[in-house]
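J.: Use these hints to put chain B with the ligand onto chain A, whose structure you have.
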Amino acid sequence: MVPLSQIWTVASYVLSKKIKGEKRYPLVLMLEPLFRCNLACAGCGKIQYPDHILNRRLTPEQCWAAADECGAPIVSIAGGEPLVHKEIDRIVAGLIERKKYIYLCTNAILLRKRIDLFKPSKYLTFSIHLDGLKEEHDESVCREGVYETAVEGIKEAVKRGFRVTINSTLFDGANPQRVRTFFDEVMSLGIEGIMVSPGYSYQKAPDQEHFLQRNKTRELFQQILREKKKSWKFNLSPLFLEFLQGNVEYDCTPWGNPTYNVFGWQKPCYLLQDGYAKSFKELIETTPWEKYGFRSGNPKCANCMVHSGYEATAVNDTFGSWKGFVKTVKAALS
Amino acid sequence: MGEAKKSLTGESFVFGDDVQKRELLEAAFDYRGDVTLELASGEKLEGYLFNRQLDRTPYFVEMFVAGEATPRCIPVDQIIALHFSGKDAADGKSYEAWKSKKLKERQEESKKIESEMKRAGLLD
Ligand code: SF4
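Which chain is which? The protein sequence lines are A and B, in order.
Sequential numbering from 1 applies to the first sequence in our numbering.
Sequential numbering from 335 applies to the second sequence in our numbering.
Don't take every hint at face value.
Under 8 Å between C-beta atoms, here's a sample of chain B residues computed to sit facing chain A [what the hints assert, rightly or not]:
hint: 1; residue: Asp368
hint: 2; residue: Phe384
hint: 3; residue: Asn385
hint: 4; residue: Pro392
hint: 5; residue: Met451
Below, computed lysine to aspartate or glutamate pairings styled on EDC-like, alpha-carbon distance capped at 16 Å [to be verified]:
hint: 6; chain 1: B; residue 1: Lys421; chain 2: B; residue 2: Asp364
hint: 7; chain 1: A; residue 1: Lys229; chain 2: A; residue 2: Asp274
hint: 8; chain 1: B; residue 1: Lys421; chain 2: B; residue 2: Glu345
hint: 9; chain 1: A; residue 1: Lys46; chain 2: B; residue 2: Asp411
hint: 10; chain 1: A; residue 1: Lys155; chain 2: A; residue 2: Asp116
hint: 11; chain 1: A; residue 1: Lys300; chain 2: B; residue 2: Asp364
hint: 12; chain 1: B; residue 1: Lys445; chain 2: A; residue 2: Asp138
hint: 13; chain 1: A; residue 1: Lys113; chain 2: A; residue 2: Asp89
hint: 14; chain 1: A; residue 1: Lys228; chain 2: A; residue 2: Glu185
hint: 15; chain 1: A; residue 1: Lys99; chain 2: A; residue 2: Asp51
hint: 16; chain 1: A; residue 1: Lys300; chain 2: A; residue 2: Glu282
hint: 17; chain 1: B; residue 1: Lys445; chain 2: A; residue 2: Glu144
hint: 18; chain 1: B; residue 1: Lys340; chain 2: B; residue 2: Asp364
hint: 19; chain 1: A; residue 1: Lys119; chain 2: A; residue 2: Glu148
hint: 20; chain 1: A; residue 1: Lys122; chain 2: A; residue 2: Glu139
hint: 21; chain 1: A; residue 1: Lys291; chain 2: B; residue 2: Asp425
hint: 22; chain 1: A; residue 1: Lys46; chain 2: B; residue 2: Asp364
hint: 23; chain 1: A; residue 1: Lys46; chain 2: A; residue 2: Asp274
hint: 24; chain 1: B; residue 1: Lys421; chain 2: B; residue 2: Glu380
hint: 25; chain 1: A; residue 1: Lys233; chain 2: A; residue 2: Asp184
hint: 26; chain 1: B; residue 1: Lys446; chain 2: A; residue 2: Glu144
hint: 27; chain 1: A; residue 1: Lys23; chain 2: A; residue 2: Glu290
hint: 28; chain 1: A; residue 1: Lys134; chain 2: A; residue 2: Glu148
hint: 29; chain 1: A; residue 1: Lys46; chain 2: B; residue 2: Asp422
hint: 30; chain 1: A; residue 1: Lys23; chain 2: A; residue 2: Asp251
hint: 31; chain 1: A; residue 1: Lys113; chain 2: A; residue 2: Glu87
hint: 32; chain 1: B; residue 1: Lys378; chain 2: B; residue 2: Asp411
hint: 33; chain 1: B; residue 1: Lys445; chain 2: A; residue 2: Glu139
hint: 34; chain 1: A; residue 1: Lys323; chain 2: A; residue 2: Asp274
hint: 35; chain 1: B; residue 1: Lys421; chain 2: A; residue 2: Asp51
It should be emphasised that the hints constitute simulated quantities derived from the structure, not laboratory data.
Beta carbons: idealized from backbone N, C-alpha and C, even for Gly.
Looking at chain A on its own, in the form it has when it is part of the complex:
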């Protein structure tokens, strides 16, 4: 389970923003300290750059400054593969000092080798990328044996007392029954919970064919989550899971998960690249937010239901009113 201290931190953060009347505030900073990865997945649009860009790194100081600047209580360190960054331990330590809840997103290939760099902390979670059982995952990452390596990494991290979650992206053609078996298998490893999101065609992703369209997403998640097992724990808002099944309708909150990387503050979101701002303030003030999200009619957003866009909406709904809170409790108990 997510520690109560984390739930409390997020709840009090959202409530304080609402009391102050702030309209656009971030919940999760998506920090990409590098784009270089030790995998080359066909579905990934994050690594398609010339070498001199892949070789660039954010310094720990730049990472901390971004976290201070935007103020989000949670930092998701993505990339690229963060464990490839030579100063990832310093980046993490500095964020923990700032009492940020960190999700270190990794494919876990280097996890066993680099785990000694970290100490278990309620602030640090390893969020391991697994897109399904062995066959599905190895195909998704275009390399044999990665699933097994990741599972070894998970076992080691769990054994050492780290918080561990699975971060899973489901693509078109996913078999609901296999996904259910996958959930059983990963929960049996002793992880804290599962994060799951439909894949989305990054504008730049070379693979545009296998991302789920909206209706298919709803169908798939209804099938997967029908008779949800008690043993499955999700590191997601219960209302986001309702949204994926088509039980509630939300629009995107793209400023909820701002992205900072070697180019600056990415406009408007983690998935789309419509340019960069030099500061978080500039990002918030100069991005034409009304042009993004499902209801905007922007074709680039038409089929997007990813958690980096819609989870913040669900969280705001939960803490924004008693009605939202009651809805969340009901969804959590269902």
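T.: For chain B with the ligand alone, coordinates are given in the frame of chain A:
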């Protein structure tokens, strides 16, 4: 979506008018490889064009020139020609392309990437 776009790799353009210039600089912003900008001063800059402001003044593009630590901001009115000089990093990397390869080719490619990564210290 899904339509195979013709790669711009190797194409060169001297701008006819401002509309075409804007469209081409937008294409350069979308391009996943290095481009070369020819400036009115005669200077040629090769690098990755990662940002642009073409819808309001001041009009500019931003580029990471290989080997330079900080990005350059280049006013649009100084750019007279554009060359898609670098390889498009997204070209030919589709999932379909991967699947359509014979198993042996996929295994060979996988091994090649693996040994490159081992050399770079990114894998055990
Ligand atoms: S719907 Fe939101 S998260 Fe999805 S692509 Fe559009 S702005 Fe980004």
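J.: Now look at each hint and say whether the structure bears it out.
T.: Comparing the hints with the structure gives:
1. Asp368: 5 Å, holds
2. Phe384: 5 Å, holds
3. Asn385: 5 Å, holds
4. Pro392: 14 Å, violated
5. Met451: 5 Å, holds
6. B:Lys421 with B:Asp364: The given pair, whose Cα atoms are some 13 Å apart, holds under the 16 Å limit.
7. A:Lys229 with A:Asp274: Violated. Lys229 (chain A) to Asp274 (chain A) sits at ~40 Å, over the 16 Å cutoff.
8. B:Lys421 with B:Glu345: 11 Å, holds
9. A:Lys46 with B:Asp411: 31 Å, violated
10. A:Lys155 with A:Asp116: Roughly 14 Å between the alpha carbons, so the hint for Lys155 (chain A) and Asp116 (chain A) holds.
11. A:Lys300 with B:Asp364: 14 Å, holds
12. B:Lys445 with A:Asp138: At roughly 14 Å apart (the allowed maximum being 16 Å), Asp138 (chain A) and Lys445 (chain B) satisfy the hint.
13. A:Lys113 with A:Asp89: 13 Å, holds
14. A:Lys228 with A:Glu185: Measuring from Cα to Cα gives roughly 15 Å; hence the hint holds.
15. A:Lys99 with A:Asp51: Distance ~34 Å between Lys99 (chain A) and Asp51 (chain A) Cα, so the pair is violated.
16. A:Lys300 with A:Glu282: It is violated: about 23 Å lies between the C-alpha atoms, which goes past 16 Å.
17. B:Lys445 with A:Glu144: Roughly 10 Å separates the two Cα atoms, so the pair holds.
18. B:Lys340 with B:Asp364: Holds, at roughly 13 Å.
19. A:Lys119 with A:Glu148: Roughly 24 Å between the alpha carbons, so the hint for Lys119 (chain A) and Glu148 (chain A) is violated.
20. A:Lys122 with A:Glu139: 33 Å, violated
21. A:Lys291 with B:Asp425: Answer violated: Lys291 (chain A) to Asp425 (chain B) is near 29 Å, above 16 Å.
22. A:Lys46 with B:Asp364: 13 Å, holds
23. A:Lys46 with A:Asp274: With Cα atoms ~14 Å apart, Lys46 (chain A) and Asp274 (chain A) stay inside 16 Å; holds.
24. B:Lys421 with B:Glu380: 12 Å, holds
25. A:Lys233 with A:Asp184: Judged against 16 Å, a Cα distance of about 10 Å means the pair holds.
26. B:Lys446 with A:Glu144: 13 Å, holds
27. A:Lys23 with A:Glu290: 13 Å, holds
28. A:Lys134 with A:Glu148: Holds: Lys134 (chain A) and Glu148 (chain A) sit about 7 Å apart, inside 16 Å.
29. A:Lys46 with B:Asp422: Satisfied, since the Cα-Cα distance of roughly 14 Å is no more than 16 Å.
30. A:Lys23 with A:Asp251: Answer holds: Lys23 (chain A) to Asp251 (chain A) is near 15 Å, not above 16 Å.
31. A:Lys113 with A:Glu87: 15 Å, holds
32. B:Lys378 with B:Asp411: 15 Å, holds
33. B:Lys445 with A:Glu139: Within the cut-off at roughly 15 Å; holds.
34. A:Lys323 with A:Asp274: Not satisfied, since the Cα-Cα distance of roughly 35 Å exceeds 16 Å.
35. B:Lys421 with A:Asp51: 11 Å, holds
In the structure shown, a violation is registered for the earlier hints numbered 4, 7, 9, 15, 16, 19, 20, 21 and 34, in ascending order.
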